[in-house]
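Peer 1: Listed in order, the protein sequences are those of chains A and B. For the record, in the first sequence the residue sitting at position 162 is 162 according to our numbering, with numbers rising by one throughout. For the record, in the second sequence the residue sitting at position 202 is 202 according to our numbering, with numbers rising by one throughout.
I should point out that these hints are in silico values taken from the structure, not numbers from a laboratory. The structure presented is a predicted model; accordingly, all values stated were derived computationally and were not measured. Where a beta carbon is used, it is the ideal one built from N, C-alpha and C, also for glycine. Among these hints, one or two may not hold up.
[Unchecked claim] The calculated label-pair distances, taken between Cβ atoms and stated as ranges, are: (1) Thr238/B - Val133/A: 46 to 52 Å; (2) Glu56/A - Thr238/B: 23 to 29 Å; (3) Arg13/A - Thr426/B: 35 to 41 Å; (4) Ala235/B - Arg148/A: 44 to 50 Å; (5) Ser209/B - Gly49/A: 36 to 42 Å; (6) Gly139/A - Gly308/B: 33 to 39 Å; (7) Gly139/A - His226/B: 52 to 58 Å; (8) Ser127/A - Ser211/B: 47 to 53 Å; (9) Ala57/A - Gly356/B: 49 to 55 Å; (10) Gly139/A - Gln433/B: 52 to 58 Å; (11) Gly49/A - Gln433/B: 30 to 36 Å.
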Amino acid sequence: MVGKDDEFDAFVRGSSTRLLRSAWLLVADRQAAEDLLQEVLVKVYFAWGRIETNPEAYARRALVRQAINRHRYRKRRPESTAAYGVDRTSPDIADSVALQRSVIAALHELPPKQRAAVVLRYFEDLSEAEAAVLLGCTGGTVRAQASRGLARLRAVLTSEDTGDRAAEVVC
Amino acid sequence: MTQLTEDEQVRVALRLVTSPVVSSPDLLLEVRHRIRRTSVRRRVQRFGVGGFAIAMMAMTAVMLNAGVTMTATGPGLAAAANHVLLSGPTGGDLAADTGFTTQVMSTWTAWQQGGANGHYDDGTQLTEQMHLAWAGTTPAGDAAIGVQATVQTGLAVTYFLAGSAGAVTVQGTGPIRTPGRTLGGVIIGTERKVLLSLDVGQPMEYASSRSVAPDGHVSWRFASVHYRDGAAIIAVPTGPKAHEMRFQRVGLASDEDQVYVLNQPVSPYESDDRRLAWNGVFSVNEGLPTPSFDSLERRFNDALYAAGYTDPGQGAEMESGWYAYGRLTDSTEMITGEYQLDDVSRVFAVLLVPGGSPVVVFGGVVNREVDLPVKVRLPDGRGWVVVRADTTITWRIAGPGIQDTGVGHDAALLPGGHELQLRLDTGGTAPKQVSLPA
Numbered sequence: 001m002v003g004k005d006d007e008f009d010a011f012v013r014g015s016s017t018r019l020l021r022s023a024w025l026l027v028a029d030r031q032a033a034e035d036l037l038q039e040v041l042v043k044v045y046f047a048w049g050r051i052e053t054n055p056e057a058y059a060r061r062a063l064v065r066q067a068i069n070r071h072r073y074r075k076r077r078p079e080s081t082a083a084y085g086v087d088r089t090s091p092d093i094a095d096s097v098a099l100q101r102s103v104i105a106a107l108h109e110l111p112p113k114q115r116a117a118v119v120l121r122y123f124e125d126l127s128e129a130e131a132a133v134l135l136g137c138t139g140g141t142v143r144a145q146a147s148r149g150l151a152r153l154r155a156v157l158t159s160e161d162t163g164d165r166a167a168e169v170v171c
Numbered sequence: 001m002t003q004l005t006e007d008e009q010v011r012v013a014l015r016l017v018t019s020p021v022v023s024s025p026d027l028l029l030e031v032r033h034r035i036r037r038t039s040v041r042r043r044v045q046r047f048g049v050g051g052f053a054i055a056m057m058a059m060t061a062v063m064l065n066a067g068v069t070m071t072a073t074g075p076g077l078a079a080a081a082n083h084v085l086l087s088g089p090t091g092g093d094l095a096a097d098t099g100f101t102t103q104v105m106s107t108w109t110a111w112q113q114g115g116a117n118g119h120y121d122d123g124t125q126l127t128e129q130m131h132l133a134w135a136g137t138t139p140a141g142d143a144a145i146g147v148q149a150t151v152q153t154g155l156a157v158t159y160f161l162a163g164s165a166g167a168v169t170v171q172g173t174g175p176i177r178t179p180g181r182t183l184g185g186v187i188i189g190t191e192r193k194v195l196l197s198l199d200v201g202q203p204m205e206y207a208s209s210r211s212v213a214p215d216g217h218v219s220w221r222f223a224s225v226h227y228r229d230g231a232a233i234i235a236v237p238t239g240p241k242a243h244e245m246r247f248q249r250v251g252l253a254s255d256e257d258q259v260y261v262l263n264q265p266v267s268p269y270e271s272d273d274r275r276l277a278w279n280g281v282f283s284v285n286e287g288l289p290t291p292s293f294d295s296l297e298r299r300f301n302d303a304l305y306a307a308g309y310t311d312p313g314q315g316a317e318m319e320s321g322w323y324a325y326g327r328l329t330d331s332t333e334m335i336t337g338e339y340q341l342d343d344v345s346r347v348f349a350v351l352l353v354p355g356g357s358p359v360v361v362f363g364g365v366v367n368r369e370v371d372l373p374v375k376v377r378l379p380d381g382r383g384w385v386v387v388r389a390d391t392t393i394t395w396r397i398a399g400p401g402i403q404d405t406g407v408g409h410d411a412a413l414l415p416g417g418h419e420l421q422l423r424l425d426t427g428g429t430a431p432k433q434v435s436l437p438a
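Just chain A, with the same shape it has in the complex (with noise of 0.2 Å):
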């Protein structure tokens, strides 16, 4: 028989790394990203037995409102880790120091929740009313806050010509 505590680690052998990508994007800092991630994963944890259907769905909620939430909170501290955010670890990296700079710095640029519109809108995929219920607002707002998010990556992707890059990448 599969306990509570062989579930949630399956679910996080299974889920960390996706859940780690949009963290970091929501939070454009790795190590804080890491950090909300632990922090929301000790939640599920604890809410394990109220979470009925999609764990991970229930992860990325929390990530969300924590990102928000954590922003909101301490909306006035410089966010100072993003100066050291990139991660310099892995070769690939290695290779689009430029490009990961570029976006992470135009994303901690952006106000927490036109950050999160973004990252649920063009990295998770999601339909603007299912961005609206996580954000808690209308698909409305969604949509005006993704577009000028999205302006706003725009203006760095040409600037730094890494929209070519990106395209060349699934060509």
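Place chain B on chain A using the hints.
Peer 2: Okay, now just chain B, sitting in the frame of chain A:
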């Protein structure tokens, strides 16, 4: 070649930048560790090179704010480039020590040409030569502070320290992220007993410890920072117990601009879990629909934060695993829960009056050993909220004859103005009897 739309390019770019990111093999271990000690939140940021903590200071700086913009070629850069911190004389008792200052500049050049390569990792681009704003003796060793213009944000500050072998190392560095912000100070040296701060023309204050009043209110006692010759050298309390300190601009209206540093490179917040081992939402009104757990958690924590019962920036906090919810007779919503900030967990009731500000009522420190761990007397004679999970709570007004009775499951809202007698039935052992005063 496939032509991507701009939206698709952003999608691809987001995937591209995240694709090398994988979760640590130790993640599960870390999470398990956190679960065990249930010391959930680690909001401590560690900054800088080699794990040294840097305090970043948010200031509406008169000097630094003037004309600094986010553009590379606008007037802001010119204003920053002409800033007094970039052109004034070097302060400190080692300003004339050319051997040391040359060593500092060499360290900076090597650091820039190495990992930094003229940028911070967030893309902030440094420009021109660094100006040495201060060089002096500190209890941690000979130290220096350099200031440099950046393309994006105006100014960046770098802190240096000479080790016992004489080698100078970068202790921490950071850009001004938005107009009006600058690097406030850095803890230098491996013993972490010195906080070095550059004088940027703003009065600053410092607090070395936090206190929590018996009623749960959080406070810090600040003392002015005295700058001399361009910098302040602040003694950081040392000792076996790690703790957090605050550093902020004088006249701050709220704690939002506070920043904090640690006297040890480990989180001081690993308290034992003192919370009640309860889970879920308990209704005090039979048949009344209850909001979601997340909604109650958010409103409860927001109210505690606004009323000064929480401490943003703290290293750990433990939120309630349960909430009791209900409506008073005047439609006021009531949320009761607990919150652990330090070594004890405290119970609070939050009253949400329609159209009014939330009222937080302190309900005492949690004692898991007593029969009724949560009993909060509401203000203005509005009665009591009592909670005990997995328990049938029966009550009556004390006195001859049964005058009024009621029953609740897990939680109950009891009338005020009378001495009350409660019967707590867990279904297992013999029911407990508890009295509440009038």
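Peer 1: Hint by hint, say whether it matches the structure.
Peer 2: Outcome of the hint check:
Thr238/B and Val133/A have their C-beta atoms about 49 Å apart, which keeps the hinted 46 to 52 Å range intact. Between Glu56/A and Thr238/B the CB atoms are about 44 Å apart, so this pair departs from the stated range of 23 to 29 Å. Checking the proposed 35 to 41 Å range against Arg13/A and Thr426/B shows it holds: the Cβ atoms sit about 38 Å from each other. At roughly 46 Å, the beta-carbon separation of Ala235/B and Arg148/A lies within the given 44 to 50 Å, and the hint holds.
Distance hint check for Ser209/B and Gly49/A: the Cβ-Cβ separation is about 39 Å, which falls inside the suggested range of 36 to 42 Å. The supplied range of 33 to 39 Å is met by Gly139/A and Gly308/B, whose beta-carbon atoms lie about 37 Å from each other. Our hint of 52 to 58 Å for Gly139/A and His226/B holds, since their Cβ atoms are close to 55 Å apart. Taking 47 to 53 Å as the suggested C-beta distance range, the pair Ser127/A and Ser211/B conforms, at roughly 49 Å.
Range check, Ala57/A to Gly356/B: about 35 Å between beta-carbon atoms, so the 49 to 55 Å window is missed. In this structure the hint that Gly139/A and Gln433/B lie 52 to 58 Å apart at CB holds, the actual value being about 55 Å. A hinted range of 30 to 36 Å holds for the C-beta pair Gly49/A and Gln433/B, which are about 31 Å apart.
Hint check: violations occur at hints 2, 9; the rest are consistent with the structure.
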